[in-house]
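Colleague: The primary structure of each chain is shown beneath.
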Amino acid sequence: MPLRDSCRVALLAAFALVLHGLESLLPSPVPWMRLGLANIITLIALCLYGFRTALMVTLIRVVVGSLFTGTFPGPGFILGTGGGAASVLSMAAAHFAMPRLFSPVGLSIIGAFFHNLVQLLLAFLLIIQRLEPILLIAPTVFLLGTFTGMINGLVSLHVIGRIRAGQVAPDGKQIAG
Amino acid sequence: MGDSGRDIFKSTTLADKILFFVLVLCAASAVFLVPESIGKRDTVTVSFEGRPLYVLSLKKDAVVTVTGALGRTVVEVKDGAVRIVESECYDRRCVRAGWVRKGSIICLPNHIFVTVGEGGSEEVDAVTG
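Protein chains in written order, with this note's numbering: chain A, 1034 to 1210; chain B, 1496 to 1624.
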């Protein structure tokens, strides 16, 4: 991998980690409810730099992020990795199989949906092992995920638009306007 | 902020909007429908004059005896179904109702309600006779 790409991955992963860390400081009514702000970075990476960059950024984020928050080898880490991988893979599949059908907003909603789907499945297999609580919680999870996915998608769209327009360099420096 | 929020919304696609509304609609209706169809179905409530005396699980076999207006009523839960084994009432209709997996068995003379799922007694406005 060329040095330029490595730097880009490192930079994007750092952004994602900051969002991940900030988010874990936010109070949440229930522990499993998260905004998924780091997905903004995954989405930007996917749309601007392709699948490999997005996947690496996400994997770095879940591993290093779980080291930060202290969930590393536990079930929280497995859930985070599974969700993150599902999100990248589903967004990449939608992005490359049907280019231009979905904007980053649609991709983000798809990513949120598969993130939640895989996390619920993993929670069922690894932790709860009873179907009723999963089925009871699933509609709420998907509903909230659709909204947070949309919001993250709108933020990504905004940032992608500005980077493409050359107003901001990918390293965050303001160029113009 | 260079570009306005309106530009952002313009660059979303029709597929985005359809996806969003379909997901919100499905999830929102599931929020209401799923608990009704699965969450409460497992419980068996045995109540006397609207007051719950026993809340049992359909999955756990059990036999309970409750005392109603006329006498005792024996309720049995087995293999996910519930029945009234015997009742000290005058017509034994409750016993003839046999095994029930959903809905209710009501022993009207003895004022005993056996309901699968919750809120059974709320479905009845009044008891007469």
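Keep in mind the hints are simulated off the structure, nothing from the lab.
Careful: at least some of the hints might be erroneous.
Claimed, not checked - Calculated lysine to any residue pairs in the SDA-like style (CA-CA distance at most 20 Å, straight line): (1) 1512/B - 1147/A; (2) 1597/B - 1529/B; (3) 1505/B - 1080/A.
Colleague: Looking back at the hints listed earlier, which ones does the structure fail to meet?
Modeller: none
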